[in-house]
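Student: Let the sequences and hints guide you as you build the complete structure.
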Amino acid sequence: MAEKPDYDAFVLARWPALLRTAYLLTHDVGRAEDLVQTALTKLWFAWDRVEGDPEPYVRRILVTTHISWWRRRWSSELVTERVADVPESRAPDLERRVDVWASLGRLPARQRAVVVLRYYEDLTEPEVAAVLGCSVGTVKSQHAKAMRRLRADAGGIGVSSEEALP
Amino acid sequence: MTGDFIRTALGEHAEDVAGHDPDLGGLRARIASATRRRRQRLGALVGLVVLLAIAVVSVAALGGDGSAPQPAPQPSPSPSGTRLPFRAEPVEVVPPPDAREQARPIRLLTSLTNDPGVPIVDGVVEVREDQVTEVASCTGSTGTWLVLLIDGSYRTMLPCPGTSHPGGAVGANPFQDPLVEDHITDRVRHRVRMFVTTTEPPNATRAQLVAGIPEATTASLRLEIWGHSPPSVATLVGFEVSALGDGTDRNWFFARGIEAPTAVDSLTVELPASPVDRLVQTVVRYYSYKPGRMPYVEIWLDGHHVDHRFDPPRIAFLDETTAYVPAGGAHIVELRVTRGRAAYADFAAAIFEADDN
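Protein sequence lines, in the order shown, are assigned to chains A and B. In terms of my numbering, the first sequence is residues 1 to 166. In terms of my numbering, the second sequence is residues 1 to 357.
Calculated directly from the structure, the hints in this document are not laboratory data. All of these numbers come straight from a predicted model, not from anything done at the bench. Certain hints may be false.
With a Cα cut of at most 20 Å, we get these calculated DMTMM-like pairs of lysine to aspartate or glutamate [unchecked claim]:
#1 A:K145 - B:D4
#2 A:K4 - B:D23
#3 A:K140 - A:D122
#4 A:K4 - A:D48
#5 A:K140 - A:E127
#6 A:K4 - A:E51
#7 A:K140 - B:D4
#8 A:K4 - A:E55
#9 A:K4 - A:D53
Tutor: Shown next, in the form of structure tokens:
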């Protein structure tokens, strides 16, 4: 395999951040590692063609691969969220955050991607559109749908309906 | 629930994977495996290119009547980063006549079932096909749930009603893009665990699910692994195209491809009337990419923008679009490059025909 020292340095530097994003998308550690390795393998073959910072490119592969896997996995399947190990005793605020995690896990892949890119990666709507390869209008509508679903779930876990969603 | 609340929740859960160091050895092995696969397919394809070139020369020498499209000279597959030969006009790509005969529809590879009364199934399945689908089902035990894990990860959770109710789980192998040339996993053996539990999966912990496994059960558990490895029969802008698309729901055979001239931003394709449904799909080979400005090819059908992204079957993973064309009259298809610059990418259209036999 040809040596690409810059590629190795990029992988070492960006692996933790990419894994965190992949985990937030997939809700599964094993699948997240698989997703990151997939994206980095594709990046390897495109390394000489990517201009400038490769991170937007590999992030895009990450998100689009996740959406592709989700579409194939859930096309004829009962949708349930990933079962997480939850500590028995927890503060109410922690309980709400755990429920947010569960609610996010129930979102369709694209809506979940929009939420992760907006609130974890702190991307603007045009930047999210560039990653997903869609229009800003689509990002806005996916975001609104995601927030409506999260709001509906929040109504079922004791969160005040007066609390505003962005 | 505010945006800050969501941001905090995501930030906290992201720390669940803190300390997971990169497996550089595994990544290098994966890249090496993908490189080997590309070379193997390149070797097979070069042989096919030679045969097609001989056929074209023979027909030309004999003076073909020109009434049917002739297999166009296949461009040599382009190594990564190398530009394709210049094309002043669109290039037609036609699969060999026996391409459909070479393709084998998806078939049952293996299955796992539980022994009567036993609530757990543990096993290892070997999968060597390029495209794989799993189907899990559970019958005969009201009030229980089927849980399926593959390689330790949850794949599906299904209710297990008393009456026969075939469930479905699609996606055993995440790399099951039907026609993509870089099927990059080299994992062959997969650990499978299925069990029934009386604990309802939503909001249950892993420990609670396991605690709900009964000592005995009337449920019948079944996991089927379906797969196939359709051969590559042509290239479009340097990407391999297989004879057969996704066969889980419907078979789509590659019928014809058109490569756009070099550095143009649109291509018009006429589709004649047809008794079968068709699929138009774009594929794009990039030579340069600026973050946020990756070219993207839209499909316009009779003046209407109709494309869908990431729908099967697929040729190459990145940025293909798909448009369905129902059986019937003739249509005009226009492909339009949006964003970026036309010179940054070569693009093509592939036409698939449904095989509903």
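Student: So, for every hint listed, does it hold in this structure?
Tutor: Hint-by-hint comparison with the structure:
no.	hint	in the structure
1	A:K145 - B:D4	holds, 18 Å
2	A:K4 - B:D23	holds, 17 Å
3	A:K140 - A:D122	holds, 15 Å
4	A:K4 - A:D48	holds, 10 Å
5	A:K140 - A:E127	holds, 12 Å
6	A:K4 - A:E51	holds, 15 Å
7	A:K140 - B:D4	holds, 18 Å
8	A:K4 - A:E55	holds, 16 Å
9	A:K4 - A:D53	holds, 15 Å
This entry satisfies every hint, going by the numbered hints stated previously.
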